[in-house]
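Asker: Sequence:
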Amino acid sequence: MMAAPTVHFSKTEARAVMKFLFLQGKGAAEIHGEMKKVLKERCPSYSTVKIWVSRFRTGHFEVTDEPRSGRPTSVTTEDKADIVHFMILKDRWISAKVIAETLGISRERVGHIIHNILNMRQRSAKWVPNSKTEGPSEEVCESEKGICSIKS
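In this text, residue positions in the sequence shown follow the UniProt record's numbering: the first is 1, and each later residue adds one.
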């Protein structure tokens, strides 16, 4: 006998299942029980099922998340990443704080751009390309001039 495959439902898919079972006339406990049989430990908690069943009872049948207030997620644009890259190439010793103040964005956003988009790290207070992902490399520095180069 074959074992049942491990199934993972996204939040939206799980909510759609809850909605379907609710429309069949089932209550929160029954819905949670049905989902627990199939999803086992990946099943939403009983309290989550109760929240969604109460929403369905009030006529709110949308299962996707509603937009939230606050800063938009599209703060990091390609232009901002290009500007940050230019600023670093112009002055390798520039701090992320100075970049953030100059561009009017948060320090955390600048860190995200530098580390995740530009894939750079700071070595001896100087921004350099991250060498961890490019295989073994060796840094060669001339300490008097403060010039570093990376050999791969």
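No lab work stands behind these hints, which were simulated from the structure alone.
Being a predicted model, the structure only gives us computed values, none of them experimental.
Be aware that one or more of the hints could be misleading.
Below, in silico cross-link-like pairs of lysine-lysine (DSS-like), each with a Cα-Cα straight-line distance of 25 Å or less [claimed, not checked]:
(1) K11 - K50
(2) K90 - K50
(3) K50 - K36
(4) K11 - K26
(5) K90 - K80
(6) K50 - K80
(7) K50 - K97
(8) K19 - K40
(9) K50 - K40
(10) K26 - K37
(11) K126 - K90
(12) K19 - K36
(13) K80 - K126
(14) K37 - K19
(15) K50 - K26
(16) K50 - K37
(17) K40 - K26
(18) K80 - K97
(19) K11 - K40
(20) K36 - K11
(21) K26 - K36
Asker: Now look at each hint and say whether the structure bears it out.
Answerer: Verification of the hints:
{"no.": "1", "hint": "K11 - K50", "result": "holds (15 Å)"}
{"no.": "2", "hint": "K90 - K50", "result": "violated (56 Å)"}
{"no.": "3", "hint": "K50 - K36", "result": "holds (14 Å)"}
{"no.": "4", "hint": "K11 - K26", "result": "holds (20 Å)"}
{"no.": "5", "hint": "K90 - K80", "result": "holds (15 Å)"}
{"no.": "6", "hint": "K50 - K80", "result": "violated (43 Å)"}
{"no.": "7", "hint": "K50 - K97", "result": "violated (45 Å)"}
{"no.": "8", "hint": "K19 - K40", "result": "holds (19 Å)"}
{"no.": "9", "hint": "K50 - K40", "result": "holds (18 Å)"}
{"no.": "10", "hint": "K26 - K37", "result": "holds (15 Å)"}
{"no.": "11", "hint": "K126 - K90", "result": "holds (12 Å)"}
{"no.": "12", "hint": "K19 - K36", "result": "holds (15 Å)"}
{"no.": "13", "hint": "K80 - K126", "result": "holds (20 Å)"}
{"no.": "14", "hint": "K37 - K19", "result": "holds (17 Å)"}
{"no.": "15", "hint": "K50 - K26", "result": "holds (12 Å)"}
{"no.": "16", "hint": "K50 - K37", "result": "holds (17 Å)"}
{"no.": "17", "hint": "K40 - K26", "result": "holds (19 Å)"}
{"no.": "18", "hint": "K80 - K97", "result": "holds (15 Å)"}
{"no.": "19", "hint": "K11 - K40", "result": "holds (15 Å)"}
{"no.": "20", "hint": "K36 - K11", "result": "holds (15 Å)"}
{"no.": "21", "hint": "K26 - K36", "result": "holds (14 Å)"}
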